[in-house]
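Student: Residue numbers (numbering that gives the first Met the number 0), protein chains in the order written: chain F, 0 to 266; chain Z, 0 to 306.
These are calculated hints, taken from the structure and not from any lab test.
C-beta: ideal position from N, C-alpha, C; glycine also.
You may find that some hints are simply not true.
Unchecked claim - Using 30 Å as the maximum straight-line C-alpha spacing, the simulated BS3-like pairs for lysine-lysine come out as follows:
no., chain 1, residue 1, chain 2, residue 2
1, F, 205, Z, 232
2, F, 68, F, 229
3, Z, 130, Z, 305
4, Z, 130, F, 215
5, F, 191, F, 167
6, F, 121, Z, 305
7, F, 205, Z, 305
8, F, 167, F, 229
9, F, 11, Z, 305
10, Z, 130, F, 121
11, Z, 305, F, 68
12, F, 33, F, 167
13, F, 215, F, 205
14, F, 121, F, 68
15, F, 121, Z, 136
As the list claims (entries may be wrong) - Have a look at the derived ranges for each label pair, beta carbon to beta carbon:
no., chain 1, residue 1, chain 2, residue 2, range
16, Z, 227, F, 245, 50 to 60 Å
17, Z, 222, F, 240, 25 to 35 Å
18, Z, 30, F, 203, 41 to 51 Å
19, F, 42, Z, 226, 48 to 58 Å
20, F, 42, Z, 52, 32 to 42 Å
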Amino acid sequence: MTSLPTPQPNQKKLGLVIDLDTCVGCQACVTSCKEWNTQGYSAPLNDSDSYGSDPSGVWLNRVHGYEVKEEGRDDTHVVHFPRSCLHCETPACVTVCPTGASYKRAEDGIVLVNPDTCIGCKLCSWACPYGAREYDYSHGTMKKCTLCIDRIYNTNLEPEDRAPACVKACPTGARHFGDLGDPDSDVSQLVKAREGFDLLPEMGYKPVNKYLPPRKRRDAVTSAAIALPKGDGSAMDRLFSWADRFLSGKPAGTIASLEDMSDKLEG
Amino acid sequence: MNPAYSVILFTTASGAGYGLLALLGLIGFSHGPVSSFVFGLVSIVIALGLITIGLLSSTFHLGHPERAWRAFSQWRSSWLSREGVAAVLTYVPAVLFAATWLDIFHAPAWIGPLGLIAATMCAVTVFCTAKIYSSLKTIRAWNHPLTVPVYLAFALASGGALLTAIATPFDRFQIFQVILTGVVLVVLIVLKFFYWRGIDSAERTHTMAAATGLGAGVRQWEVPHTSENYIMKEMGFAVARRHAQKLRGVVYLLCLLTVASLAACLISPWFSWLSAPAILLAAILERWLFFAEAQHVVSLYYGAEKA
Numbered sequence: 000m001t002s003l004p005t006p007q008p009n010q011k012k013l014g015l016v017i018d019l020d021t022c023v024g025c026q027a028c029v030t031s032c033k034e035w036n037t038q039g040y041s042a043p044l045n046d047s048d049s050y051g052s053d054p055s056g057v058w059l060n061r062v063h064g065y066e067v068k069e070e071g072r073d074d075t076h077v078v079h080f081p082r083s084c085l086h087c088e089t090p091a092c093v094t095v096c097p098t099g100a101s102y103k104r105a106e107d108g109i110v111l112v113n114p115d116t117c118i119g120c121k122l123c124s125w126a127c128p129y130g131a132r133e134y135d136y137s138h139g140t141m142k143k144c145t146l147c148i149d150r151i152y153n154t155n156l157e158p159e160d161r162a163p164a165c166v167k168a169c170p171t172g173a174r175h176f177g178d179l180g181d182p183d184s185d186v187s188q189l190v191k192a193r194e195g196f197d198l199l200p201e202m203g204y205k206p207v208n209k210y211l212p213p214r215k216r217r218d219a220v221t222s223a224a225i226a227l228p229k230g231d232g233s234a235m236d237r238l239f240s241w242a243d244r245f246l247s248g249k250p251a252g253t254i255a256s257l258e259d260m261s262d263k264l265e266g
Numbered sequence: 000m001n002p003a004y005s006v007i008l009f010t011t012a013s014g015a016g017y018g019l020l021a022l023l024g025l026i027g028f029s030h031g032p033v034s035s036f037v038f039g040l041v042s043i044v045i046a047l048g049l050i051t052i053g054l055l056s057s058t059f060h061l062g063h064p065e066r067a068w069r070a071f072s073q074w075r076s077s078w079l080s081r082e083g084v085a086a087v088l089t090y091v092p093a094v095l096f097a098a099t100w101l102d103i104f105h106a107p108a109w110i111g112p113l114g115l116i117a118a119t120m121c122a123v124t125v126f127c128t129a130k131i132y133s134s135l136k137t138i139r140a141w142n143h144p145l146t147v148p149v150y151l152a153f154a155l156a157s158g159g160a161l162l163t164a165i166a167t168p169f170d171r172f173q174i175f176q177v178i179l180t181g182v183v184l185v186v187l188i189v190l191k192f193f194y195w196r197g198i199d200s201a202e203r204t205h206t207m208a209a210a211t212g213l214g215a216g217v218r219q220w221e222v223p224h225t226s227e228n229y230i231m232k233e234m235g236f237a238v239a240r241r242h243a244q245k246l247r248g249v250v251y252l253l254c255l256l257t258v259a260s261l262a263a264c265l266i267s268p269w270f271s272w273l274s275a276p277a278i279l280l281a282a283i284l285e286r287w288l289f290f291a292e293a294q295h296v297v298s299l300y301y302g303a304e305k306a
């Protein structure tokens, strides 16, 4: 049923918390997601022309890279930005579905597509502002993050492995999984402590997944060249000074200035 | 948005068919039994034919057309499902109306009510089609108050032009066909003018900053793919924006050509054979622009600064 389930008191809201400060953009979450889900609930996640000149394929998780310039700073830094389904509380991708294949689970809030009833009309992907759904041209159905529903409740796995594949694969601990409906859960506490935020909150879909902002850069981290030390007039210093003049082919002068070195760096 | 040809054919062909069927229903309502069986039969067959071709083509872009019947189930929440239900339900009064109007089944008292019901269902179906698009908050150009009126006006205008063209060889040409279609066309041109002015001047309030939460100084650095992915193919279509102004001009010209040729029908009704193709071509071009010009919010993650 594509009507949304009525939220219960203490509604369980399983989701991810993604730390943009610690993500290094290694793509481990991307590949582990593909590896698990191409044989799990969403199987198959098809690729076409994999070894040809125009390869393409279905991915449920993609990592963007953005360059960010903080106000009042000249330098910029790179933020790696993993993007997957946010398992929204009021998702339009579910209500637009004409067949009931797209649905939100009442018990934990996970948004799924039933691969046996999806007609592949693609309307849900139009309704999603986050680009979370990708159409599988070979399978003729819509694919999306399942929050590894076949891992998190899988009693054949050890309890510590009952987490989404992306979370288990992340080498820097930038991805956290838990119940965001429980204010006392680890993930909720993390969101509170680090001021986690929603993507496109003004659209009103109430994403469950939260993002933690990159921490402010420290002043010591700077791309400006470090000033060279002043000479102390010792024998060693004179030797280096002579070597510098000799190698520069200049008849006279002192130790290369900061500006001279900058030219060399650039040129 | 990528303009899928099957969806353009679906919305324009079924629109014209519903417009024509609605007008035939209203003629039945006001005039009773058809005065020429052959004219009635041909016009009904063309109306239902266009509707059926349109509906069938809408299933061509499905990944699993054999599962299309499932789309009738979620009418409580989905405009696409409501559109499917309304489209199928419309066949019932349409066929009953045709049978009584053509006097295949003799029940003159029923022609009026059935014609009115069929006409209403035509309007409901086109309304639902337009709502599929206008209800999407992710696409500003579609989530616009004039989207639905434009769909309805195009359906009625193309249906009216078709009616005039079909009526001519059967000597059933009437001045009211030209006047009605002409008025709808003028309304359509005005609506389209305000629609295009509206989407051009609307403030694009969604930003890459809000999409990423990374502040005003954010820009795309590295893309999450090595070749085009589904999202870029489906939502990233931007070819038309380069030629949008010229193509809009062509739509206006075709609409004006339709008005002029309809006016010329007062000299010779055969000019309607120019009006019908002109308005159908205008509808196809306008529908192509409707898709191709629309920017999806997801483009913010792929380098667009505003949406």
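Student: Give a verdict on every hint.
Tutor: Verification of the supplied hints:
Of the supplied pair hints, the one linking residue 205/F and residue 232/Z holds, its CA atoms being roughly 27 Å apart against a limit of 30 Å. For the given pair, residue 68/F sits about 33 Å from residue 229/F by alpha-carbon distance, which is inconsistent with the 30 Å threshold. With a CA separation close to 25 Å, the supplied pair residue 130/Z and residue 305/Z stays within the 30 Å bound. Straight-line distance between C-alpha atoms of residue 130/Z and residue 215/F comes to about 45 Å, which puts the hinted pair past the 30 Å bound.
The hinted pair formed by residue 191/F and residue 167/F meets the criterion: a straight-line CA distance of about 23 Å does not exceed 30 Å. Note on residue 121/F and residue 305/Z: the hinted pairing holds, with a Cα-Cα distance of about 24 Å set against a maximum of 30 Å. For the given pair, residue 205/F sits about 21 Å from residue 305/Z by alpha-carbon distance, which is consistent with the 30 Å threshold. Restraint check for residue 167/F and residue 229/F: the C-alpha separation of about 51 Å exceeds 30 Å, so the hint is violated.
Of the pairs offered as hints, the one joining residue 11/F and residue 305/Z is violated, with about 34 Å between alpha carbons and a cut-off of 30 Å exceeded. Taking the CA atoms of residue 130/Z and residue 121/F, the gap is about 16 Å. The hint holds against a cut of 30 Å. With a C-alpha separation of about 18 Å, the suggested pair residue 305/Z and residue 68/F falls inside the 30 Å cut-off, and the hint holds. A hinted pair counts as satisfied when its Cα atoms are at most 30 Å apart, and residue 33/F with residue 167/F qualifies at roughly 13 Å.
With a CA separation close to 26 Å, the supplied pair residue 215/F and residue 205/F stays within the 30 Å bound. About 36 Å separates the Cα atoms of residue 121/F and residue 68/F, which puts this hinted pair outside 30 Å; it is violated. Our distance criterion of 30 Å between C-alpha atoms is met by residue 121/F and residue 136/Z, whose separation comes to about 16 Å. Hint check: residue 227/Z to residue 245/F, Cβ distance near 56 Å, so the stated range 50 to 60 Å holds.
Checking the proposed 25 to 35 Å range against residue 222/Z and residue 240/F shows it is violated: the Cβ atoms sit about 49 Å from each other. Residue 30/Z and residue 203/F have their C-beta atoms about 50 Å apart, which keeps the hinted 41 to 51 Å range intact. Our hint of 48 to 58 Å for residue 42/F and residue 226/Z is violated, since their Cβ atoms are close to 22 Å apart. Distance hint for residue 42/F and residue 52/Z: a CB-CB separation of about 36 Å, consistent with the stated range 32 to 42 Å.
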